[in-house]
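There are 2 protein chains.
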Amino acid sequence: MRQSRLFGKTLREDPKDEVAANARLLERGGFVYKSMAGVYEYLPLGLRVLDRINAIIREEMNAIGGQEVFFAALQPKDRWEKSGRWKVLGEEVMYQFKDHSGRELGLASTHEEVAAEAAARSIYSYKDLPLFIYQIQVKFRDELRAKSGLMRGREFFMKDLYSFHADAADLERFYWKSADRAYRKIFTRCGLDAYLTEASGGTFTKEFTHEYQVLSGAGEDLIFYCANPACRYAQNREIATLQDGGRCPKCDDGKITMGKSIEVGNIFRLGTRYAEAMGLFYADKDGKKHPVVMGSYGIGPGRVMATVVETHRDERGIMWPDALAPYAAHLIALGADDSRARKEAEKIYAQMEKKGIAVLYDDRADKTAGERFADADLIGLPWRVVVSEKTMEKKGVEIKRRGDAKSRIVSAADVFKRIS
Amino acid sequence: MRQSRLFGKTLREDPKDEVAANARLLERGGFVYKSMAGVYEYLPLGLRVLDRINAIIREEMNAIGGQEVFFAALQPKDRWEKSGRWKVLGEEVMYQFKDHSGRELGLASTHEEVAAEAAARSIYSYKDLPLFIYQIQVKFRDELRAKSGLMRGREFFMKDLYSFHADAADLERFYWKSADRAYRKIFTRCGLDAYLTEASGGTFTKEFTHEYQVLSGAGEDLIFYCANPACRYAQNREIATLQDGGRCPKCDDGKITMGKSIEVGNIFRLGTRYAEAMGLFYADKDGKKHPVVMGSYGIGPGRVMATVVETHRDERGIMWPDALAPYAAHLIALGADDSRARKEAEKIYAQMEKKGIAVLYDDRADKTAGERFADADLIGLPWRVVVSEKTMEKKGVEIKRRGDAKSRIVSAADVFKRIS
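So the sequence lines, in the order shown, correspond to chains A and B.
Under my numbering, the letters of the first sequence match residues 119 to 538, in that order.
Under my numbering, the letters of the second sequence match residues 119 to 538, in that order.
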């Protein structure tokens, strides 16, 4: 992609009304911008990061048997009255309104009721269980205070998986499989070090749940966690029995530390509450009916993106992990339009595109070398490749990893090999 | 995919409250189901079709220089007051409501205002033009009568492209490029024979616009079109000067015919209305400011899916074009679980998966041969592959194209070659 044509320009100054580093850097870098408080527009760079996060999530969801669906946001009141959540969600976070005919509608802030109702069309017998469905879709929440940039929004992407089981034991097996296989892998692949943290279930369940928490000063949560890397036992302060500075009761070794953290995912045992409310029953081998046991499992892809920015940055900008970077390389040509260096850069750009290397090519004629380097650091692609009169004299190009202090001169062929 | 595990079951009976063939077949086949009037949930089969349509759209949008973005649905009132559409859209189709703090919000039924505002952050000079951005995203419209199944919904997918130009002549060039290159290709690739039809612009523009209309008895529109395949001149009845049975004034040859049709896309010349309202100006070479000239270009992917069903079906079910089919082949094993045929089918299934052939494998133990064949015709995958005691005696499998009357016995190796 030629940067001169890229939709979304870098900004020199921080946006005035953003406090959170993730929003400041993502807006300045041209990834997103604020549409209104708690609502962001995704520009091409931001959407490319989001697509990469979603692709990782899809792979891991499919690997544990998840089937992708897409549920609507518009919700009829009666569905949520069945579960008894119309009133409580309406008071808390659900946008509710009337259409032109006077019918009461809501915007889904979550989809347990819909998932249970959908499953009731496909689950009749124990042979239909277990079942795992997920979606990546936009949720709406009327948050009183939308803050922390992309971390707490009024409209935001959510991956929600729903699992359906014949009994609590089967839910338990899948609950830990989703935790150990899918969730851990997703966060690791996204470059996040997440703590599996015991927490309360909010309006979803009265049972104990688990959150995935990433330590960060930008977090809205507080967790107590065991510093022993072999243990990593953690509790959200809301329900904590651990004590800051105390010894971990789990491994009987590590020291408990308190830290601010960002919740990037959560998993819930829902039990039979939604199944019973929505009429989701199955017949066992003897034909006897039972309510289906459910679990739900959330990840906010936009929040993952924001958390990666919070935890992968320096004073100059973002430092994307390779797996999430919108482009692998930032190719920069120094020199006038008709210079030797510019012609060489054009050649290298064409070769990279041909080889399938995702490259952002800074071909902007009206920027100084300093502005280009500053923008490259701000946008934060893993590799910076510079072509200049100086590098051409040395018969090569300058290559540098974002975050490394030193660059080196290598041949163009060597660049292709390293980056691809 | 094993059909015994597939989320979304086929129904024997038509859903009671659906009149439109697209909704009846898509619901019976387990592709979608109605959440409420005008709102559908996408099950795995339906989402796979939708993903294939979206992939075609993305390819053709990118080929004409489109850059993908994602704009939010939640809208602040003041943005739409700038363009003067808050009131008129609110009276017609826009869901509008207050949040808990009393702030007035709307759900975007279209995104011209957002696109113009976004572009104003990235367009300063004539050098930044032209620019093309698009998104595939959910729109909301408070339709008084949501009917025709997936063709007219209250919540539906939309691909909307916005183009930005220095002058009307440049818009004109791109307008026809989008029509001749992108739009024609998209519909052809989706198996639709669409007429480029002159039409009025509704609330978007006072200028003349063009719709893409597919002839179908299920259509809500009426068009007059030239039957000469080299001409294909067409007008929507709303603005028509053509006369049914008359001679085409364009080619002076073909006979004008009237027909019901489905609008699957539209392209609008917006002029400078939205640019002026949203403060989108550029400086020309002399530094003089001008409003940017805009165009907008829509396609409803869900409506494309519904239109394909309306135009590709017989009395037994859907007949998907290869490019959109959720799976290429429907593999059916006849015989008990431990039969020779079943074991052979398992082998072929594994080989197909290994070869990357998208296959739906009917391994359901509790269905008769008749039920399986009926479901295969209903779901409508391009190839049906049957393994039975009979085909094994002939040392092969039975293969049939959906829509062909006759099947033939071929070797498994031959099946892989034909389908991949």
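Check before you lean on any hint, since a few could be wrong.
When chains are identical, the list treats them as one kind, so a pair holds in a single copy or across two.
[Stated by the list, open to error] Heads up, simulated DSSO-like pairs for lysine-lysine below, C-alpha to C-alpha not over 30 angstroms straight-line:
{"hint": "1", "residue 1": "K265", "residue 2": "K461"}
{"hint": "2", "residue 1": "K295", "residue 2": "K406"}
{"hint": "3", "residue 1": "K245", "residue 2": "K461"}
{"hint": "4", "residue 1": "K535", "residue 2": "K524"}
{"hint": "5", "residue 1": "K265", "residue 2": "K152"}
{"hint": "6", "residue 1": "K512", "residue 2": "K368"}
{"hint": "7", "residue 1": "K373", "residue 2": "K461"}
{"hint": "8", "residue 1": "K195", "residue 2": "K303"}
{"hint": "9", "residue 1": "K512", "residue 2": "K257"}
{"hint": "10", "residue 1": "K216", "residue 2": "K127"}
{"hint": "11", "residue 1": "K265", "residue 2": "K513"}
{"hint": "12", "residue 1": "K378", "residue 2": "K127"}
Read the hints as simulated data drawn from the structure, not as lab findings.
Alpha-carbon proximity between K265 and K461, which holds within one copy, between copies, both or neither at 30 angstroms: neither (46 angstroms within a copy, 58 angstroms between copies)
Between the shortest in-copy and the shortest cross-copy C-alpha distance, which are at most 30 angstroms for K245 and K461: within, between, both, or neither? between (65 angstroms within a copy, 21 angstroms between copies)
Between copies, within a copy, both or neither: which fits K216 and K127 at Cα up to 30 angstroms? This pair counts as neither: shortest intra-copy Cα distance 39 angstroms, inter-copy 33 angstroms.
Using 30 angstroms as the alpha-carbon threshold, which applies to K512 and K257: within, between, both, or neither? Close neither inside one copy (54 angstroms) nor across copies (55 angstroms); limit 30 angstroms.
Give the relationship of K195 and K303 under a CA distance limit of 30 angstroms: within one copy only, between copies only, both, or neither. neither (37 angstroms within a copy, 42 angstroms between copies)
Are the CA atoms of K265 and K152 at most 30 angstroms apart within a copy, between copies, both, or neither? within (11 angstroms within a copy, 36 angstroms between copies)
Indicate which option fits the pair K265, K513 if close means a Cα-Cα distance not exceeding 30 angstroms: within, between, both or neither. neither (50 angstroms within a copy, 67 angstroms between copies)
Go through the copies and call it for K378 and K127: within, between, both or neither, with a Cα cutoff of 30 angstroms. neither (32 angstroms within a copy, 46 angstroms between copies)
Alpha-carbon proximity context of K535 and K524, limit 30 angstroms: Classified as within; 19 angstroms inside a copy, 53 angstroms across copies.
Given identical chains, is K373 near K461, meaning Cα to Cα at most 30 angstroms, within a copy, between copies, both, or neither? neither (59 angstroms within a copy, 57 angstroms between copies)
One pair to classify: K295 and K406, alpha carbons no more than 30 angstroms apart. Within, between, both, or neither? within (28 angstroms within a copy, 63 angstroms between copies)
Should K512 paired with K368 be assigned to within, between, both, or neither, using CA atoms and 30 angstroms as the limit? neither (59 angstroms within a copy, 65 angstroms between copies)
Of the numbered hints stated above, those contradicted by the structure are hints 1, 6, 7, 8, 9, 10, 11, 12, listed in ascending order.
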